[in-house]
Amino acid sequence: MAFVTANWNPLGENFYRKIELYEMGWNLKDGLRDCLIAAAPYGGPIALLREPQRRSPSARPQLEIYSASGGTLASFPWKSGVVRQLGWTVCDDLLCIQEDGTVLVYDLFGSFKRHFSMGNEVGQSQVVEAKVFHSPYGTGVAIVTGASRFTLATNIDDLKLRRLPEVPGLQGVPSCWAVLMQDRQSKLLVASGADLFILDYGTCTAVNPPGLSPQATSIIHMCVSFSYKYLALFTDSGHVWMGSTNLREKLSEVETKVRNPPKQMAWCRRPKSQQPSVVIMWDRYLLVVGVCKDTIPYHLEDDSVLIPELDSVRIINATNHELLQEVPAACEEIFKIASMAPGALLLEAHKEYEKESQKADEYLREIKEQNLLGEAVRQCVEAAGNEHEAETQKTLLRAASFGKCFLSNFPPEPFVSMCRDLRVLNAVRDYTVGIPLTHTQFKQMTVQVLTDRLVYRKLYPLAIEICRYLKTPEYQGVSRVLKHWACCKVQQKEEADEVIARTISLKLGDAAGISYSEIANKAYECGRTELAIKLLEFEPRSGEQVPLLLRMKRSQLALSKAIESGDTDLVYTVVTYLKNEMNRGDFFMTLRNQPVALSLYRQFCKHQEQDTLKDLFNQDDDHQELGNFYVKASYKEKRLEARMSLLQSAVDEYNKAKNEFAAKATEEEMRLLRFQRKLEEDKGECIQGFSLHDTLSTLLSLGLHKHAEQLYKDFRVPDKRYWWLKLTALADKADWEELEKFAKSKKSPIGYMPFVEECVKRSNKFEAKKYVSKVTPEQKVKAHLAVGDLEGAADAAIERRNEGEISTILSRCSPTTDRLLVERLNRAKTTATKK
Numbered sequence: 001m002a003f004v005t006a007n008w009n010p011l012g013e014n015f016y017r018k019i020e021l022y023e024m025g026w027n028l029k030d031g032l033r034d035c036l037i038a039a040a041p042y043g044g045p046i047a048l049l050r051e052p053q054r055r056s057p058s059a060r061p062q063l064e065i066y067s068a069s070g071g072t073l074a075s076f077p078w079k080s081g082v083v084r085q086l087g088w089t090v091c092d093d094l095l096c097i098q099e100d101g102t103v104l105v106y107d108l109f110g111s112f113k114r115h116f117s118m119g120n121e122v123g124q125s126q127v128v129e130a131k132v133f134h135s136p137y138g139t140g141v142a143i144v145t146g147a148s149r150f151t152l153a154t155n156i157d158d159l160k161l162r163r164l165p166e167v168p169g170l171q172g173v174p175s176c177w178a179v180l181m182q183d184r185q186s187k188l189l190v191a192s193g194a195d196l197f198i199l200d201y202g203t204c205t206a207v208n209p210p211g212l213s214p215q216a217t218s219i220i221h222m223c224v225s226f227s228y229k230y231l232a233l234f235t236d237s238g239h240v241w242m243g244s245t246n247l248r249e250k251l252s253e254v255e256t257k258v259r260n261p262p263k264q265m266a267w268c269r270r271p272k273s274q275q276p277s278v279v280i281m282w283d284r285y286l287l288v289v290g291v292c293k294d295t296i297p298y299h300l301e302d303d304s305v306l307i308p309e310l311d312s313v314r315i316i317n318a319t320n321h322e323l324l325q326e327v328p329a330a331c332e333e334i335f336k337i338a339s340m341a342p343g344a345l346l347l348e349a350h351k352e353y354e355k356e357s358q359k360a361d362e363y364l365r366e367i368k369e370q371n372l373l374g375e376a377v378r379q380c381v382e383a384a385g386n387e388h389e390a391e392t393q394k395t396l397l398r399a400a401s402f403g404k405c406f407l408s409n410f411p412p413e414p415f416v417s418m419c420r421d422l423r424v425l426n427a428v429r430d431y432t433v434g435i436p437l438t439h440t441q442f443k444q445m446t447v448q449v450l451t452d453r454l455v456y457r458k459l460y461p462l463a464i465e466i467c468r469y470l471k472t473p474e475y476q477g478v479s480r481v482l483k484h485w486a487c488c489k490v491q492q493k494e495e496a497d498e499v500i501a502r503t504i505s506l507k508l509g510d511a512a513g514i515s516y517s518e519i520a521n522k523a524y525e526c527g528r529t530e531l532a533i534k535l536l537e538f539e540p541r542s543g544e545q546v547p548l549l550l551r552m553k554r555s556q557l558a559l560s561k562a563i564e565s566g567d568t569d570l571v572y573t574v575v576t577y578l579k580n581e582m583n584r585g586d587f588f589m590t591l592r593n594q595p596v597a598l599s600l601y602r603q604f605c606k607h608q609e610q611d612t613l614k615d616l617f618n619q620d621d622d623h624q625e626l627g628n629f630y631v632k633a634s635y636k637e638k639r640l641e642a643r644m645s646l647l648q649s650a651v652d653e654y655n656k657a658k659n660e661f662a663a664k665a666t667e668e669e670m671r672l673l674r675f676q677r678k679l680e681e682d683k684g685e686c687i688q689g690f691s692l693h694d695t696l697s698t699l700l701s702l703g704l705h706k707h708a709e710q711l712y713k714d715f716r717v718p719d720k721r722y723w724w725l726k727l728t729a730l731a732d733k734a735d736w737e738e739l740e741k742f743a744k745s746k747k748s749p750i751g752y753m754p755f756v757e758e759c760v761k762r763s764n765k766f767e768a769k770k771y772v773s774k775v776t777p778e779q780k781v782k783a784h785l786a787v788g789d790l791e792g793a794a795d796a797a798i799e800r801r802n803e804g805e806i807s808t809i810l811s812r813c814s815p816t817t818d819r820l821l822v823e824r825l826n827r828a829k830t831t832a833t834k835k
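No gaps in the numbering here: position 401 of the sequence shown is 401 in full-length UniProt numbering, and each next residue is one more.
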């Protein structure tokens, strides 16, 4: 397969190749001359600004955005200020850095997104040069002004501007400068003549590249590798110094024999390569310089631009797009002339096998004798991943598949994975898509980021096919793509709301992980409120519907949805929003039409807003609840007049509600309060606010029996309750004389057993015995036992001939001291049993 090596060029022990990716689809009459150009890494889009210095309103510069294959994505006249630099963010947004320090951000299709400034002081001295760089923190911008001052922003999405210190002796623009990443910080490397300085937060440090040619009097160009590990310096003596970015290690220094300042320099190094190299470009002349003294010259037919990549350099001119890279190790092993590597032998074996030649067996035996068949298969699989031609890929994969047949333990995953990767890569490399990724870049980028890139370019069918083919989880793959598609669909103003809503519903269905509310929110942002409402009908989660409905001022619908959800917190959220947005009357009217919301709001007001609750009852003419409200409010008042006023209002409301019981009970409460006030004035006893029961108890315990009697009669307290209250009060005071008088005053409605029990409870059996004779026959035994009179209890039990009572007394008797009584009780028990 000599054609594979036709474009190989040796550099030391390695080879480099230049592959044509595309014939560019754009039609550039004047080529890339007088253009500002920026191409995104990882095969990203290309931005061109023609004649950026032109300031005439009648002939404005044209900003054009293309895919890597030259397909037009956007084109529009530039109507803003003079642009100094173009650059792409990690998300494929275009940055246009103007000379006044303003940075305008556009999307891939030329739609303006936002702008930010690199500092107020920049406008006076103006931006002279700018650089857009990528770091682990995102996309950064660095500028230098006409006053030789540098400003740096490490992440434009979290803008924090750093003005770096001045460079000693620097007048005007430095001869060259670059952005470094050291110790996880962004720094600038600035050349002033032959001197180098590193600018950090607050320091400017002079550094010396080890082993720099003494012939050099000025450093006129520099570049940093894609990974920020390596640095290349081009001097006015025509030497290229290569080393580490910390300037402690020198890799090599090569004389180019060209002293003119290069237009561009870029590192060209594949991962794990032992030979990093630098590509230097002058007008139509390209030179590849490695750590050895050799070089590879290329003559360019047209003005070109270099785009550094992770593992290569892309070269773009008016007609072609090419890839320059070090030949990957596996490809070199297999295709190198006269190679005896296992992969090369396996490829030859497969060729002979297809010719039905016995040489196939000889090649296989040679590989197997060295026990290298597994390595041969691995080399063929790896080489297939690094080839761009589909036929070459197929040839290598067929050879790998052929070799696998003779291995019993070769894992299938690498082979299957490579076949899948190549199918995806070939799809996105296609001219119509124009993303020329290498396999190394694809693995570094991840499938998810590639899907995002396709979605961002609105290549939805391809993105969905790739997700399905690679079996990406639905919520990360197909669902995410469909959501982006739907968000784009709602922006199509030429279609009716009903049509778009129905199309989105049919397409998305019940796809996992899709939130219709997000799509509806996008529609609302585009000014399509009715479409947003139609889309929200498909959202199953009310918690997602309600916030957007409130934003759209569809509060009635939001309240209905919240109530349907059964989520009280959601209802409260809507009600609170309505209260703040509406006037009081409209708010109450809205709640009247929603009983659930009204009930919940009342509950809230009971605890938080009592005055609002009163207004609600007034609005509804709810006299019963108004009466209840006034009664509750009265308990919070300390002044009697205020309390009486509230209670009178409650009586009025209860009368309007025709609740006679509540009205009468409230009036009696007012009478009690007046009585308590008079008592306080007469006796100085503060019982204001006591209940009727507590008032009676207090009066009796204070010995104010006449007042208690008056209260008892006025409020018609039941006899039994009054007798109990007076009995316990007198017993608590140990006023036995008054208690005896009370017992004899008239027949006790509660009987006399309570008198016995209350006296015994207070350890006064002597007084208790006075009432034993008055208890009913059924309670005689219990009364006698309460006062410790076993004989009396026995007489009563024997008289009643109650076997149970006799047994109870027997359990209390002592067999020794009460022997005669026990015998008497046993006889009576026997008689009662016989009966």
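It is worth saying that the hints were derived from the structure and are not from the lab.
For clarity, every value in this text was computed on a predicted model and none was experimentally measured.
Take the hints with a grain of salt, since some may be wrong.
To be verified - Pairwise CB distance ranges, derived in the manner of DEER restraints:
id : residue 1 : residue 2 : range
1  : 30        : 158       : 17 to 25 Å
2  : 79        : 293       : 47 to 55 Å
3  : 257       : 155       : 35 to 43 Å
4  : 526       : 218       : 38 to 46 Å
Idealized CB from N, CA, C, for every residue including glycine.
Consistency of the hints with the structure:
1. In this structure the hint that residue 30 and residue 158 lie 17 to 25 Å apart at CB is violated, the actual value being about 40 Å.
2. Checked against the given bound of 47 to 55 Å, the beta carbons of residue 79 and residue 293, roughly 52 Å apart, stay inside it.
3. Here the CB-CB span from residue 257 to residue 155 is close to 42 Å, well matched to the stated 35 to 43 Å.
4. Distance hint for residue 526 and residue 218: a CB-CB separation of about 55 Å, inconsistent with the stated range 38 to 46 Å.
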